[in-house]
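Okay, here's what each chain looks like letter by letter:
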Amino acid sequence: MSLPIAPKPAHRRFHQARWDEPVIFELSTPGERGVLVTAVEPGVRDTVGDVVATLPEGLARRTPPALPEMGQMRVLKHYLRLSQENLGADLNVDVGQGTCTMKYAPKVNEQLISTPKLSAMHPLQDPADAQGALEIIWRTERMLAEISGMEEVSLHTQGGSAAIWANIAMIRAYHEANGEGAQRREVITTIFSHPSNAAAAKAAGYDVITLHPDADGYPDLAALKRALSPRTAAIMVTNPEDTGIYNPAIREWVDAAHAVGALASYDQANANGILGITRARDAGFDVCHFNVHKTFGTPHGSGGPGTGANGVSAALAPFLPGPRVVRDGDRYRVEEGGPRSIGAIGPFHGVVPNIVRAYAWIMALGAEGLRAVAETAVLNNNYLMKRILEIPGASAPYATGRRRIEQVRYSWQELFEETGISSEEIGIRASDFGMHYWTSHHPYVVPQPFTLEPTESYSKAELDEYADVLAEVAREARETPEVVRTAPHNQTVHHTHHDDLDDPERWAITWRAYRRKYPDAVGA
Amino acid sequence: MSLPIAPKPAHRRFHQARWDEPVIFELSTPGERGVLVTAVEPGVRDTVGDVVATLPEGLARRTPPALPEMGQMRVLKHYLRLSQENLGADLNVDVGQGTCTMKYAPKVNEQLISTPKLSAMHPLQDPADAQGALEIIWRTERMLAEISGMEEVSLHTQGGSAAIWANIAMIRAYHEANGEGAQRREVITTIFSHPSNAAAAKAAGYDVITLHPDADGYPDLAALKRALSPRTAAIMVTNPEDTGIYNPAIREWVDAAHAVGALASYDQANANGILGITRARDAGFDVCHFNVHKTFGTPHGSGGPGTGANGVSAALAPFLPGPRVVRDGDRYRVEEGGPRSIGAIGPFHGVVPNIVRAYAWIMALGAEGLRAVAETAVLNNNYLMKRILEIPGASAPYATGRRRIEQVRYSWQELFEETGISSEEIGIRASDFGMHYWTSHHPYVVPQPFTLEPTESYSKAELDEYADVLAEVAREARETPEVVRTAPHNQTVHHTHHDDLDDPERWAITWRAYRRKYPDAVGA
Amino acid sequence: MSEPFVHPYIPNTAPEVRAEMLAAVGAASVEEFYADVPADLRLGRALDLPEPLVAEQDLARHVSGLLARNVPTTERLSFLGQGTYAHHVPAVVDEVIGRSEFLTAYAGEPYEDHGRFQALWQYQSLMGELLAMDVVNVPTYDGFQATGTALAMAGRMTGRRRVLVASDVLPAKLSKVRDYVRVHLDLETVPPVDGTADVAGITDRLGGDVAAVWIETPSRTGAVEHRLQAIADAAHAVGAILVVGTDPVGYGVLTPPAEQGADIVCGDIQSLGLHQWYGGAHGGFIAVHDDPRFVMEMPSRLFGLATTDVPGEVGFGDVAYDRTSFAHREEGKEWVGTAAALWGIAAGVHLALMGPQGMRDLGEVLLARTAYAQRALGAIPGIRLTDGAVHLREFAIDVAGAGLTASGVVDALRAEGIEPGVPAGEHELVVCVTELTSQRDIDRLAAAVTGLVAASAAEAAATLDTVATPEEHRA
Amino acid sequence: MSEPFVHPYIPNTAPEVRAEMLAAVGAASVEEFYADVPADLRLGRALDLPEPLVAEQDLARHVSGLLARNVPTTERLSFLGQGTYAHHVPAVVDEVIGRSEFLTAYAGEPYEDHGRFQALWQYQSLMGELLAMDVVNVPTYDGFQATGTALAMAGRMTGRRRVLVASDVLPAKLSKVRDYVRVHLDLETVPPVDGTADVAGITDRLGGDVAAVWIETPSRTGAVEHRLQAIADAAHAVGAILVVGTDPVGYGVLTPPAEQGADIVCGDIQSLGLHQWYGGAHGGFIAVHDDPRFVMEMPSRLFGLATTDVPGEVGFGDVAYDRTSFAHREEGKEWVGTAAALWGIAAGVHLALMGPQGMRDLGEVLLARTAYAQRALGAIPGIRLTDGAVHLREFAIDVAGAGLTASGVVDALRAEGIEPGVPAGEHELVVCVTELTSQRDIDRLAAAVTGLVAASAAEAAATLDTVATPEEHRA
Ligand SMILES: Cc1ncc(COP(=O)(O)O)c(C=O)c1O
Ligand SMILES: Cc1ncc(COP(=O)(O)O)c(C=O)c1O
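Chains as they are written, first to last, in the UniProt record's numbering: chain A, 1 to 524; chain B, 1 to 524; chain C, 1 to 475; chain D, 1 to 475.
Isolated chain A (complex conformation) (with noise of 0.2 Å):
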């Protein structure tokens, strides 16, 4: 053959780097060293003498742990390796992980934040001399009042459900300042409201009460009615939910719940496409959050850093988490949570990078851009569930004929009657072609499930792509089932065996319990 180049097939010819890495420790070499550490000053070796064999009694340590032993070079070399085995959302058409935003995190905010200027501010410095990083911080926290309506807010949580966890914390500590602590023990969430809420009420000693939806798939406001009680402490919904239908009953909801005598607390974890549109407050909660590496634009990290960002009304702000930076004309401080304060959910400030990235991505779109990024996320949600719905095989249960907001939880029960090919075993294929999904959180109330949300990020071409790959895995589920179930087939790794890791005889989470539990296989 020879020029021109023939069309390119339907389907990207993908195959992601695969290196065969061993474990790093079975690259280890006696002697090598990785980096070295400054060497103690000749005056304070005089002064002090040999430190490790004054140490008290048992305290030095007898066998040095056992780390490998690796050149500079070939641990750089192993780990870059394994992220090209890694499918990072700036590499794939990343709309598969529905729920978790997963969006472009700008370039520049990732140069912006790489001084010293920031990285090497300790947290107790003299706030003279983190005015830059106080200012970022309170004009954050402003902006995000202006887009959710609350009163204040508080970046001071290191992750979506650490934000929920400071929404319940606050809620007891309102409730039992106001004498009701004892009296108010149930938290009332919904099944499509993320398990965090639910989880961390819990942790908090309440009682849960789950709420499953009504026929249409909407939130069931009479059955909420029934719930709710003088022993409700709070509502604790996300909307939309993770079906990407909004509660159009919301402001009802809360008014249910005051009526009570209960806060009403919303998980805006992801209000990517609500965005200029509506706010928690405006719907009149008492506490929201949103998740800052979602909807504000900061890199995920393999499973964080995150950023939780706490909005309340002016009655709860007196227990907000955390050290606050207050503004004195031009000047900026940090003042201690008062009395009334849940104190601190975590050291200082929470992840102060996430912050000063959210605060770029937030003064690179304005108001403007922010409502396009809703708008857009909407626009980009409807065409791909368009073109999901064309596929034989899957559907999108609930509220039928009707938009959805930023994501959908669709269900391939049909093709698996069909085929007996599980949702799971498309989303493992789906990567052979360098897409990838996930199904959505247990339990699976919709059968079958993948939950897909295309924000705002993605191009017509690129939502084309993924929906192309998904019509093509349903047509191999049917015609080529074999190779469904055998995948993936173009990966770093084939069909993994997840049998050992319910077994505590078997499991082995650190390369030392392997070696105990298998030693024969030392040097595999």
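A hint or two may mislead.
Stretch by stretch, here's where chain C covers chain A in the computed footprint (C-beta under 8 Å, at least three residues) [to be verified]:
hint, stretch
1, 14-26
2, 34-46
3, 52-59
4, 91-101
5, 105-112
6, 336-345
7, 410-421
SDA-like mimics (lysine to any residue), calculated; alpha carbons at most 25 Å apart, straight line [to be verified]:
hint, chain 1, residue 1, chain 2, residue 2
8, B, Lys225, D, Asp40
9, A, Lys8, B, Tyr518
10, B, Lys517, B, His489
11, B, Lys8, A, Ala521
12, A, Lys517, A, Ala66
13, B, Lys517, D, Asp309
14, B, Lys8, A, Thr486
15, B, Lys8, B, His489
16, B, Lys386, B, Glu476
17, A, Lys386, A, Arg402
Partial list, computed: chain B residues near chain D (C-beta under 10 Å) [as the list claims (entries may be wrong)]:
hint, residue
18, Pro42
19, Asp90
20, Leu112
21, His122
22, Val260
23, His300
24, Ser302
25, Gly350
26, Arg371
27, Lys386
28, Gln491
29, Glu505
30, Thr510
Calculated directly from the structure, the hints in this document are not laboratory data. Given the structure is predicted, the values throughout are model-derived calculations rather than measurements. We treat Cβ as the ideally placed atom computed from N, Cα and C, and that holds for glycine.
Model the placement of chains B, C and D with the ligands on the given structure of chain A, informed by the hints.
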């Protein structure tokens, strides 16, 4: 199967990332933007009016350039995918680019240069504002002077060949200054010296005489003496030569050149095996150069920017190119070239980020470290040679039974005669294992050549893996030659057709040309 | 801003494509998608936000301009610790966690995200070696959370309420832990003696209703606990669990708590390859022995090694996923969410680079510099070390004898570009040194404090004079 | 330093492995490998180098400390150009060229280095669109080299010696080009008129012995040539080649030289996505039409599109490799070596990000700000613009009328933190503005110059007074 994990097979089951990306122009969508430019201020616009409309006749571009229109993330994604399809030295055991000295370019150096304190410096700023940059240039030149033994060193040139050009330009200027410009019209080099010596001499107007080695592969002193004459301007030689053979009579070569009034120019691009062992000046050379991007650990940048270091004797110092950094007490300033200087070879002070990297590299090692670099590079090379020569079909022509310095030019001639598989085919097949090599510069004086240079950066385990791969491919060449012939199989792309690349009617050096020549293929 | 609004971050703001997509879904405008959002909840106006900086260069100038107002510890001489520490971060660590593939990934499967699984499993394993423990979690938020969870685990396992807090703990950490567990557990303080735990006091307070003894080592003031085994034995004797909160930075030279009876070891990984980030880079580890009673109480994800269809391939998966709130909502253990995976990868790379010798060298430098700083400051008249324990990295001085207050010292030395430490009470100052603090740095601090003490003494003498001769004043 | 010397950059310094390898090759010591290096050439002592900083933290502190002595243009108000320009570099550009795979690769084959081939072929193609030319090289070192080669190509193609240099050229560039081609070519200056080429003067000097006419646009002072087609016609009439040296930054709005008769277009890509790097980041492009007579004279590598065994796969390879010195040593065209590939990748990413609209917007901002700055400075009494041409980014002012010297202006304004431009002769100052120079910045410069002019006038008046009344002095 379940735990434990079986041992790994003998050869890495590698597959390079394959994204099957189209050409970037095919990713264009009208209206998308990758980055926005700052707006012209209203005050500026009011003052100057429409600057495009008022351009002189014909100066305003009529049709916009057909650059692609793409959102920022899609541009990023495209290039990240391409990057995964590239085998950087950080990723592989990069010993196969012999003569290129692929060594570890320490990451700390990348971090150190990544500061506006360097990247945002303008070369014509007040020297008082550039003391850091100037001091580093000065210090690096002084350290290289010590390493080479030469009187003065200039880091002005942008690569090894540019440094060779500077060498011959200085030699030319020197002879002209001595009134011998017209008489000395010849430059002598050897076939195992880098081709840029011959080519730059030719470009400078010289006739080039190329000497072949003696039967043992050693540079032929007798041949040199026959070639030398009052017409000789210079000898320009690499040593150790591309074969890894050190010319034991190097001093005699220099003396013989001097005896006829010629100068001696030393291509020390790759001094990796002799750092701290022996120096150019000690062998009597008048000029020499280092490839800073080889010997001194700066990254190769997919083919540059490099940096050359020109070292000269006191007699040649007035001819050095470019501006020079001069120390006055503890201050540094810039001095333009004197009357005999050959002037600028390129802008300003050369590739400054590389100079800072090289400075940091030398400072991390010191005298003991540089010697350890040389000794280990040589140990690695002789170890690898042993492993390679154990492979049936591989040989190391010349200097049989003797050690080599930092590299070896090997031959697959035996294997080729036996199997018909060429060295080029073996190198391509090696890439299926995540390894690769290049053959060597034409002409292939060594038949079916391949050139390995392990440098100091690779561990024994890595050298073993490399040798094992070549042994495996050699085995395949005998047992399953089709596998080799049709390689690559585990690569980003498959066997490529190079037949159009020499045909002016068919070659396509740009997308523009491609579309014009193959109008039906647009959208391919 | 251009009309129409097209933004580089939002490709489908390009008008043609937008129109095409609307047409494809049969919508006249995006308004239709919001049919479920009641009109009275609609904002109906533009958000009141600052003018955007849509051109990257303008954004960069603005944000860099703000950050330029910070004066970092690289431009000050800092002795600040108390939870966040200035350690050297090898460049390779930053390189690895800066890779797009790790930085922007999230929660893919063990196939397309094999690299993440392996990197985090290796983190678990490397920490396991350092701590001499067989089970380590994928990091939670920070040491505060790790400790709260460790104690909560102990509560669930024992069904008891009492926790003996036998070390000096950072106030913010104590506040977090207390609020976190207070529904389930009661914290009781057993005051330390001379810097470390009062073993006799602990033993006295132990009983069948004690869920856990909580030791911090190094303590708030950097004191290293040296009687762990005795405490462990006492706790175990009554069926209580020994929870040790620690900073892993010292275990290249120090005996890990697991070898002295600790059941749960927890703490923060900021010291292992993370920059200070104004306190914004923490990760929490929880380590236990390979005992399912403990493992099944852990809320975090735990990655485990697995085989694949191809012999010799290293695969991974989630161990005992059913523990988690992802699997069972409020029936899971506490909760799990986006926490600190990237920092875990960083810490793993850091440990791989350091190796056994690097961690040993580091531990030794820290011990030596700490001891040196203690002597240098302790030798100043009127300055007193608060205890006689072995200290790692931090120690406290009492400045009362010099007639100074801790905040007075801070104010005075800040004027010289020195952050001398963190005040803890009126006269106590907690000073921190790391491998980045050279002998010269310490000498400079000592000289500055000496100067201050002298000035204070002179002033005191002057005041004394004044007081001594009131006549003079009246004159 | 530890004994034995083990270094993180050199794994096989680990003593056990070293011994094992020596044994494997049967050598008692590394000395054996140096048998061919005569004893009298051996250094026989340690190199005299500064004490190394083997601990990464010590190295980092030292180098950062040196660099901290630089005060970059981000902390000054800079109007410096003359070959190196302060343009905004989008973050994505830095991200891509910072990728290990691109940064550390070198010269692999089109298989394992497919990404590099595609990125550089795309660079060629993107430049081709901007320049409206079909052939662009893999970058050579810089615009100096590109121009030297372009003229050398013209010399080889025509077999003639004369080159008419019809524009104002940077002195360093002229020096390089002259020394580079002087064996083969004679450069003759045709002085420009009012900033741009003297078409009549060129026509007068043209003849059958002219190899090339060399135009620079923008010129040394930023003047944009606007009669290229006439010059091209005149050159072509006598068989000469029109070589246009240029900066591609303006071709989003300006007509590319290829559309006005240029045969070879060459220059520097520093403006397309490269930082200033103290002048250390340049790349040279040479663009020609798809005419083998021209292509076969190019020394650089040229990548070309190719098919593979798999339909639809995009492959690459070297076009006409036999041209090069790699293939034929001195029989190749000049030479080729390690040049500026990474910068080429950067420029490609930059153009892809900018797109047609971005390049247009950029060109417009540059023209507008330049014109604004010309007016702002030209309006100051005693300050004169040196010509009436259209300028892009740079222009020259003559400060003689204000009684000032160019270096005097520089000295005075540096004291205010302003780099006002580059002196060129006693009274000429070349001022540069880019998209990073805001209206406010220009106004600030104008105000500073105005102040200086006023002070100079006042001083002159005072001197005049003094001179006028010598009597006073004597008094
Ligand atoms: C709606 C919702 N709430 C809460 C969370 C929990 O956030 P995080 O993962 O940061 O703990 C998520 C993220 O998955 C979410 O989508
Ligand atoms: C010995 C020798 N000389 C000269 C060169 C040319 O250097 P560069 O590629 O930097 O032009 C090289 C690099 O290949 C070389 O190995």
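Here is how each hint holds up against the structure:
| no. | hint | in the structure |
| --- | --- | --- |
| 1 | 14-26 | holds (count 7) |
| 2 | 34-46 | holds (count 11) |
| 3 | 52-59 | holds (count 6) |
| 4 | 91-101 | holds (count 5) |
| 5 | 105-112 | holds (count 6) |
| 6 | 336-345 | holds (count 4) |
| 7 | 410-421 | violated (count 0) |
| 8 | Lys225/B x Asp40/D | holds (22 Å) |
| 9 | Lys8/A x Tyr518/B | holds (16 Å) |
| 10 | Lys517/B x His489/B | violated (30 Å) |
| 11 | Lys8/B x Ala521/A | holds (11 Å) |
| 12 | Lys517/A x Ala66/A | holds (17 Å) |
| 13 | Lys517/B x Asp309/D | holds (21 Å) |
| 14 | Lys8/B x Thr486/A | holds (22 Å) |
| 15 | Lys8/B x His489/B | holds (20 Å) |
| 16 | Lys386/B x Glu476/B | holds (21 Å) |
| 17 | Lys386/A x Arg402/A | holds (11 Å) |
| 18 | Pro42 | holds (9 Å) |
| 19 | Asp90 | holds (4 Å) |
| 20 | Leu112 | holds (5 Å) |
| 21 | His122 | holds (4 Å) |
| 22 | Val260 | violated (21 Å) |
| 23 | His300 | holds (4 Å) |
| 24 | Ser302 | holds (4 Å) |
| 25 | Gly350 | holds (6 Å) |
| 26 | Arg371 | holds (7 Å) |
| 27 | Lys386 | holds (5 Å) |
| 28 | Gln491 | holds (5 Å) |
| 29 | Glu505 | holds (9 Å) |
| 30 | Thr510 | holds (4 Å) |
Hints 7, 10 and 22 from the earlier list are contradicted by this structure; the remaining hints agree with it.
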